[in-house]
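K.L.:
All chains should be built: construct the whole structure from the sequences, respecting the hints.
Protein chains in written order, with our numbering: chain Y, 1 to 265; chain G, 1 to 164.
Just so you know, the hints here were simulated from the structure itself, not pulled from any lab data. Small disclaimer: the values here were computed from a predicted structure and weren't measured. Hints should not be assumed to be uniformly reliable.
Stated by the list, open to error - Facing chain Y, from chain G, some residues (calculated, C-beta under 8 Å):
| id | residue |
| --- | --- |
| 1 | Ile53 |
| 2 | Leu57 |
| 3 | Val58 |
| 4 | Ala60 |
| 5 | Ala62 |
| 6 | Cys63 |
| 7 | Gly64 |
| 8 | Lys68 |
| 9 | Phe88 |
| 10 | Gly91 |
| 11 | Ser125 |
| 12 | Pro128 |
| 13 | Leu131 |
| 14 | Asp139 |
| 15 | Ala143 |
Glycine included, every Cβ here is placed at the ideal spot set by N, Cα and C.
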Amino acid sequence: MNKSKKLVASISTLLIRRRISHPSSSTLRCNPLAAISTNPQTDLNPVKTLAVSIRRLQFSGRAFSSESSDKRISSVCWNCGFSSDKAAFLFCDSCRSIQPVDDSVNYFQIFGLENKYELEGGSLEGKYKDWQKKLHPDLVHNKSQKERDYAADQSAKVTEACRTLTKRLSRAMYIMKLNGKNINEEETVTDPTLLMEMMELREAIAEADDSKELNQIQSQVQENLKQWSDSFADNFESQRFDEAVKCIRRMTYYEKACEEIVKKL
Amino acid sequence: MMLRQAAKKALGLTSRQSTPCSVGISRSYHENVIDHYDNPRNVGSFDKNDPSIGTGLVGAPACGDVMKLQIKVDEKTGQIVDARFKTFGCGSAIASSSVATEWVKGKAMEEVLTIKNTEIAKHLSLPPVKLHCSMLAEDAIKAAVKDYKEKRLKTNGVGESSQA
Numbered sequence: 001m002n003k004s005k006k007l008v009a010s011i012s013t014l015l016i017r018r019r020i021s022h023p024s025s026s027t028l029r030c031n032p033l034a035a036i037s038t039n040p041q042t043d044l045n046p047v048k049t050l051a052v053s054i055r056r057l058q059f060s061g062r063a064f065s066s067e068s069s070d071k072r073i074s075s076v077c078w079n080c081g082f083s084s085d086k087a088a089f090l091f092c093d094s095c096r097s098i099q100p101v102d103d104s105v106n107y108f109q110i111f112g113l114e115n116k117y118e119l120e121g122g123s124l125e126g127k128y129k130d131w132q133k134k135l136h137p138d139l140v141h142n143k144s145q146k147e148r149d150y151a152a153d154q155s156a157k158v159t160e161a162c163r164t165l166t167k168r169l170s171r172a173m174y175i176m177k178l179n180g181k182n183i184n185e186e187e188t189v190t191d192p193t194l195l196m197e198m199m200e201l202r203e204a205i206a207e208a209d210d211s212k213e214l215n216q217i218q219s220q221v222q223e224n225l226k227q228w229s230d231s232f233a234d235n236f237e238s239q240r241f242d243e244a245v246k247c248i249r250r251m252t253y254y255e256k257a258c259e260e261i262v263k264k265l
Numbered sequence: 001m002m003l004r005q006a007a008k009k010a011l012g013l014t015s016r017q018s019t020p021c022s023v024g025i026s027r028s029y030h031e032n033v034i035d036h037y038d039n040p041r042n043v044g045s046f047d048k049n050d051p052s053i054g055t056g057l058v059g060a061p062a063c064g065d066v067m068k069l070q071i072k073v074d075e076k077t078g079q080i081v082d083a084r085f086k087t088f089g090c091g092s093a094i095a096s097s098s099v100a101t102e103w104v105k106g107k108a109m110e111e112v113l114t115i116k117n118t119e120i121a122k123h124l125s126l127p128p129v130k131l132h133c134s135m136l137a138e139d140a141i142k143a144a145v146k147d148y149k150e151k152r153l154k155t156n157g158v159g160e161s162s163q164a
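P.N.:
As structure tokens, this is what we get:
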């Protein structure tokens, strides 16, 4: 009886330390302290309650560490307890079970990429397929409902990640968001030079008669997109975020123009 | 004509038996929006350099829309006698700017500055996701008035200095 009480006490301390050091952490979804301290059945079966509490902690897939400043992430498989230090622990290779979605894992981590705008060509497609071979819902029909839900969520997240990172514009917007730079999408654009150019571009698209003309315009727009994409990369790396936002605006307009061309073709 | 039918189909505007605009599978445009789309009023351009013309050019950052709204002002009375618009965007954006051109005609400049996007949105029964289109139209009106006033200041300034 005494030993379990001591165990409870030490775990409580660790939890308190963890909560203080990571106040904004979303990994501890429930309040295990409350579970341990207010559970009326504590006296009856403390060990069992403790086990339940530990399992609740592991539900989020992350084990707490007492070294609060330690940046090393430690993920624990809900099924077999295998501990992984991968940044994106979506699938346990040890017992081959799919893990629940962890919101702190970002799209770059899923694809094993650095948190920067420029990508090496062709790195996404292959990894995407590899992930889906492990995570796709079609592969988990004879597994538990819980794991099938995990599969659906993880698979969707990986698809969304691939889609976001593949296109330049969405990747630019995502990396800005990731770095806490929110782009105000509500404010009306009033830059006359930009708008005049876009007006003329859209008029040209509307008036273009044949596919040859449209293709010409399209390649011009693609070139502009590339140019502004490079400009974004440059501004972003140099932390000129206002300029970066301007690049994104331009890219948005060019992308829209491309969509219109494709519709017409 | 056929192209228009095709365009309407593409935009999903064919169903005239409009079910009440409920968020779900079948979302249809309000008949006012369809009306402005089928019978666009005041599409076109004025000469930007004409001193009696004010041009408002605005854009929506999220969706890459461009909206141009022009007003023709009677210099003596300060009343807007005519308006034109040209919008590249969704049906709601086109309808919003069309409504704007209708509403500014025959009004004084100060009066049109009080036109609110919420009124336009209500008139067209715009769903929440399209509210920014009406906001764009309100901004376009203000931009056009501002442009006209700035042009007047410039011409008056030149006029005064030449009298000296």
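K.L.:
State for each hint whether it applies.
P.N.:
Verification of the hints:
Hint status for Ile53/G: violated, given a least beta-carbon distance of 15 Å to chain Y, over 8 Å. Residue-level restraint check for Leu57/G holds (minimum Cβ-Cβ distance to chain Y is 5 Å; threshold 8 Å). Here the hint on Val58/G is kept, as its CB sits about 5 Å from the closest CB of chain Y, short of 8 Å. With a cut of 8 Å, the hint placing Ala60/G at the interface with chain Y holds, because the nearest CB-to-CB distance is about 7 Å.
The beta carbon of Ala62/G comes within 4 Å of a beta carbon in chain Y, closer than 8 Å, and the hint placing it at the interface holds. Contact between Cys63/G and chain Y, as hinted, is supported at the beta carbon level, the nearest pair being about 7 Å apart and thus within 8 Å. A distance limit of 8 Å between C-beta atoms decides the matter here; for Gly64/G the minimum to chain Y is near 3 Å, and the interface restraint holds. Because the closest C-beta pair between Lys68/G and chain Y is about 6 Å apart, less than 8 Å, the hint holds.
For the restraint placing Phe88/G at the interface with chain Y, the shortest Cβ-Cβ distance is roughly 4 Å, inside the 8 Å limit, so the hint holds. The interface hint given for Gly91/G is violated, since its Cβ lies 14 Å from the closest Cβ of chain Y, which is over the 8 Å cut-off. Interface restraint check: Ser125/G against chain Y, minimum CB-CB distance 21 Å, threshold 8 Å, status violated. Against a cut-off of 8 Å between C-beta atoms, the interface hint on Pro128/G is violated, since the closest Cβ of chain Y lies about 13 Å away.
Annotation: Leu131/G was flagged as interfacial toward chain Y, and the flag is violated, the nearest CB pair being 10 Å apart, outside 8 Å. Given hint, Asp139/G at the interface with chain Y, holds; its Cβ is 4 Å from that chain's nearest Cβ, closer than 8 Å. Proximity of Ala143/G to chain Y holds as hinted, the smallest CB-CB distance being about 7 Å (cut-off 8 Å).
Of the numbered hints stated above, those contradicted by the structure are hints 1, 10, 11, 12 and 13, listed in ascending order.
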